[in-house]
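Let's have the full structure, built from the sequences with the hints guiding it.
2 protein chains.
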Amino acid sequence: MDGTQSVKERRDVVVVLREFLAAVQLPENGRLPNERDLADRLGITRAELRKGLAVLESEGQLWRRVGTGTFVGPKPPQMLDIAELAERTTSLQMMRARIALEPELAHLAALNISAAEIAELQALNGACRSAKNWREYEAYDARFHHGIAKAARNPVLLAMLDTLNGVRRAVTWGRPRPEGDRPSTAHHSFTDHDTIVDAIAHGEPVKAADAMRRHLQTVEDRLVGRMP
Amino acid sequence: MDGTQSVKERRDVVVVLREFLAAVQLPENGRLPNERDLADRLGITRAELRKGLAVLESEGQLWRRVGTGTFVGPKPPQMLDIAELAERTTSLQMMRARIALEPELAHLAALNISAAEIAELQALNGACRSAKNWREYEAYDARFHHGIAKAARNPVLLAMLDTLNGVRRAVTWGRPRPEGDRPSTAHHSFTDHDTIVDAIAHGEPVKAADAMRRHLQTVEDRLVGRMP
DNA sequence: CCATCAACCATTCAAGAATTGGTTTTATTA
DNA sequence: TAATAAAACCAATTCTTGAATGGTTGATGG
Numbered sequence: 001m002d003g004t005q006s007v008k009e010r011r012d013v014v015v016v017l018r019e020f021l022a023a024v025q026l027p028e029n030g031r032l033p034n035e036r037d038l039a040d041r042l043g044i045t046r047a048e049l050r051k052g053l054a055v056l057e058s059e060g061q062l063w064r065r066v067g068t069g070t071f072v073g074p075k076p077p078q079m080l081d082i083a084e085l086a087e088r089t090t091s092l093q094m095m096r097a098r099i100a101l102e103p104e105l106a107h108l109a110a111l112n113i114s115a116a117e118i119a120e121l122q123a124l125n126g127a128c129r130s131a132k133n134w135r136e137y138e139a140y141d142a143r144f145h146h147g148i149a150k151a152a153r154n155p156v157l158l159a160m161l162d163t164l165n166g167v168r169r170a171v172t173w174g175r176p177r178p179e180g181d182r183p184s185t186a187h188h189s190f191t192d193h194d195t196i197v198d199a200i201a202h203g204e205p206v207k208a209a210d211a212m213r214r215h216l217q218t219v220e221d222r223l224v225g226r227m228p
Numbered sequence: 001m002d003g004t005q006s007v008k009e010r011r012d013v014v015v016v017l018r019e020f021l022a023a024v025q026l027p028e029n030g031r032l033p034n035e036r037d038l039a040d041r042l043g044i045t046r047a048e049l050r051k052g053l054a055v056l057e058s059e060g061q062l063w064r065r066v067g068t069g070t071f072v073g074p075k076p077p078q079m080l081d082i083a084e085l086a087e088r089t090t091s092l093q094m095m096r097a098r099i100a101l102e103p104e105l106a107h108l109a110a111l112n113i114s115a116a117e118i119a120e121l122q123a124l125n126g127a128c129r130s131a132k133n134w135r136e137y138e139a140y141d142a143r144f145h146h147g148i149a150k151a152a153r154n155p156v157l158l159a160m161l162d163t164l165n166g167v168r169r170a171v172t173w174g175r176p177r178p179e180g181d182r183p184s185t186a187h188h189s190f191t192d193h194d195t196i197v198d199a200i201a202h203g204e205p206v207k208a209a210d211a212m213r214r215h216l217q218t219v220e221d222r223l224v225g226r227m228p
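Line by line, the protein sequences give chains W and Z.
The letter at position 96 of the first sequence is residue 96 when you use the working numbering, and the numbering goes up by one with no holes.
The letter at position 192 of the second sequence is residue 192 when you use the working numbering, and the numbering goes up by one with no holes.
Simulated from the structure, these hints should not be mistaken for lab results.
Cβ atoms here follow ideal geometry from the backbone N, Cα and C, with glycine treated the same way.
It is possible that part of the hints are untrue.
[Claimed, not checked] To give an idea of the chain Z side of the interface with chain W (calculated C-beta under 10 Å), a few residues: (1) 74; (2) 88; (3) 97; (4) 136; (5) 142.
[Said to hold, decoys possible] Covered stretches of chain W, going by a simulated chain Z footprint (3 or more residues, C-beta under 8 Å): (6) 83-94; (7) 159-165.
Following this line, the structure appears as structure tokens:
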């Protein structure tokens with residue numbers, strides 16, 4: 001064979017690896033042979049090979065995962081674990097995230113919403129008003145905001161809001177809840193929702209985004225303890 | 001046994017089920033026995049049981065999934081599938097999502113970033129400039145934006161940007177890529193990055209958010225075809 | 001001290017059996 | 001015959017087990 005000598009030649013392992021990658025012309029996300037085989041093929045030891053792979057990995061040329069293999073290209077993103085994420089997230093950080101997302105969603109909704117969806121939003125807002133306990137209110141409130149996101153006609157933003165709500169629910173699971181009393185304290189949210197729906201229904205994106213931002217800001221203020 | 005008579009008594013299955021749930025006191029997300037066993041224990045037929053479960057499920061008292069079981073409480077949100085999401089998402093929608101997220105991230109980064117992170121951002125921007133091909137440029141660009149998100153100190157927003165980038169990559173996989181030529185066409189991005197880093201480094205959140213918004217807007221304009 | 005080799009570890013995947021909710025067919029009984 | 005209980009079947013999911021893989025450690029020997 002030809003490879004066994006390259007060790008003695010002291011050629012840098014990284015160079016050998018680059019040549020190999022160029023030779024085999026693997027496609028993006030293509031899989032390299034496993035380390036044991038590849039070390040044999042290149043005529044180098046596995047420890048040496050791993051050093052070289054580490055370099056290429058740090059350069060972002062490839063990525064590795066235990067039990068799976070070594071692949072060309074940047075590391076694919078991991079699907080986020082909602083429960084794990086909720087542990088590292090405070091209620092305030094949740095609100096900052098919502099403030100980042102939802103005004104833009106209201107903006108887009110004002111541009112794309114249908115008549116049926118407007119009616120649904122109004123119905124959900126009414127359901128919020130007549131909720132018999134706090135938990136029921138939160139369920140309708142979540143569906144209200146989800147409805148706006150759906151009307152925005154942007155799958156990515158919708159998915160992100162949904163995961164956001166998932167984290168929100170997981171976060172509130174850990175905290176105690178005022179189970180019995182009705183959400184009379186949230187009466188300001190009702191009028192907030194009204195103005196948001198009105199702006200969206202009249203096709204006024206900027207106004208809708210502003211209303212949503214003010215609404216969430218109020219919730220955040222209340223969360224921090226700044227009662228207006 | 002005792003249960004076999006309750007069928008003849010014609011007591012409503014739902015009532016029996018509610019009594020059972022109250023008796024066993026399952027915690028939130030607790031799992032019920034499987035339908036065959038439960039039907040035996042309650043002395044009713046499986047079809048009857050399923051009617052009752054359907055009612056409670058529609059009430060949101062519990063949720064079921066094939067192969068898994070029946071559980072107490074509202075249905076947990078599903079983790080989003082990046083590949084599936086990418087199929088329903090256009091490049092333009094991707095940009096709208098980024099414009100919703102990243103200015104806020106730049107804002108927060110300006111408030112929370114450390115000196116080491118500033119240096120890292122500058123280094124990554126430099127790496128963008130000296131990228132030898134388009135793919136390498138995109139890798140560093142992604143790490144640049146990720147660095148800003150990390151400096152924002154908000155796990156939820158960071159996770160959302162990461163999934164966003166995952167979708168972005170999955171979207172661009174489907175499209176052809178200009179493999180060979182260097183990203184000289186993206187030279188305006190370099191100065192954009194400069195102004196963003198400067199604003200963040202000087203602790204000017206509004207300025208940073210504006211710079212980020214303008215930067216992404218330029219990219220979107222270029223995407224749509226409006227060359228400025 | 002360093003490189004090499006082997007063994008071991010932890011994670012992941014793949015294939016198949018078992019489990020479970022969902023559906024249809026068959027048997028039983030009034 | 002109609003209603004209904006019982007069984008069988010279906011499809012999605014989990015569990016189990018073994019193999020494959022990257023990651024780590026330690027013995028061996030220059």
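Taking the hints in turn, this is what the structure says about them:
no. : hint    : result
1   : 74      : holds (7 Å)
2   : 88      : holds (5 Å)
3   : 97      : holds (5 Å)
4   : 136     : holds (8 Å)
5   : 142     : holds (7 Å)
6   : 83-94   : holds (count 5)
7   : 159-165 : holds (count 6)
Going down the numbered hints, you'll see the structure goes against none, and every one checks out.
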